[in-house]
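K.L.:
Each residue of the sequence shown is one higher than the one before, starting from 1 at the first, in my numbering.
Hints are computed from structural coordinates only; laboratory data are not their basis. Any given hint might turn out to be false.
[As the list claims (entries may be wrong)] If you anchor each label on the Cβ, the simulated ranges turn out as follows:
| id | residue 1 | residue 2 | range |
| --- | --- | --- | --- |
| 1 | R13 | T108 | 30 to 38 Å |
| 2 | S119 | A12 | 21 to 29 Å |
| 3 | K49 | G106 | 18 to 26 Å |
[Stated by the list, open to error] Straight line, CA to CA, 25 Å or less: simulated DSS-like cross-link-like pairs of lysine-lysine:
| id | residue 1 | residue 2 |
| --- | --- | --- |
| 4 | K40 | K124 |
| 5 | K5 | K49 |
| 6 | K5 | K89 |
| 7 | K40 | K89 |
| 8 | K66 | K49 |
| 9 | K66 | K124 |
| 10 | K66 | K5 |
| 11 | K49 | K124 |
| 12 | K5 | K124 |
| 13 | K5 | K40 |
| 14 | K40 | K66 |
| 15 | K66 | K89 |
| 16 | K89 | K124 |
Predicted, not measured: the structure shown is a model, and the values here were computed from it. Ideal Cβ positions, reconstructed from N, Cα and C, are used throughout, including at glycine.
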Amino acid sequence: MMEFKMANYEGARLAYSLEGRRADLLERQETALIDAPLLKIYQQETQGKLLAEARGASGTLDLATKNIVLEGSVVYHVIPREQRLNTSKLIYRTAEHEMEVPEGTGYTLRTPQGTVDGSGLVAKEDLTQ
Numbered sequence: 001m002m003e004f005k006m007a008n009y010e011g012a013r014l015a016y017s018l019e020g021r022r023a024d025l026l027e028r029q030e031t032a033l034i035d036a037p038l039l040k041i042y043q044q045e046t047q048g049k050l051l052a053e054a055r056g057a058s059g060t061l062d063l064a065t066k067n068i069v070l071e072g073s074v075v076y077h078v079i080p081r082e083q084r085l086n087t088s089k090l091i092y093r094t095a096e097h098e099m100e101v102p103e104g105t106g107y108t109l110r111t112p113q114g115t116v117d118g119s120g121l122v123a124k125e126d127l128t129q
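From just these sequences and the hints, can you work out the full model?
P.N.:
In structure tokens:
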């Protein structure tokens, strides 16, 4: 399927959208493989206001859980806080509104206050907590 686009709502509020150049549906695995995914996450408090964007070379969407995995030079940008997270793999847990860099996977977080390098991370979608 070319030019994949989807949106997920929580009630009337747009929670996130996901798009890519193309998507291949693997029905038996309940998974969609996405080429050049772009994930947009919207603020919970404000209708339609963009909180963060994430891009990767490839991605997967679990059709059962709606969790999204981005891989390959992933950049996660929290717009209001001017933070950028760079990693090779990022998991967005949609039900929990959490981002995860798997244990053993390195990351670099750039903030206005400085840069932090680490491995393995679980945080809210605005990179707090």
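K.L.:
Could you work out which of the previously given hints the structure breaks and list their numbers from low to high?
P.N.:
Hints 2 and 3 not satisfied by this model.
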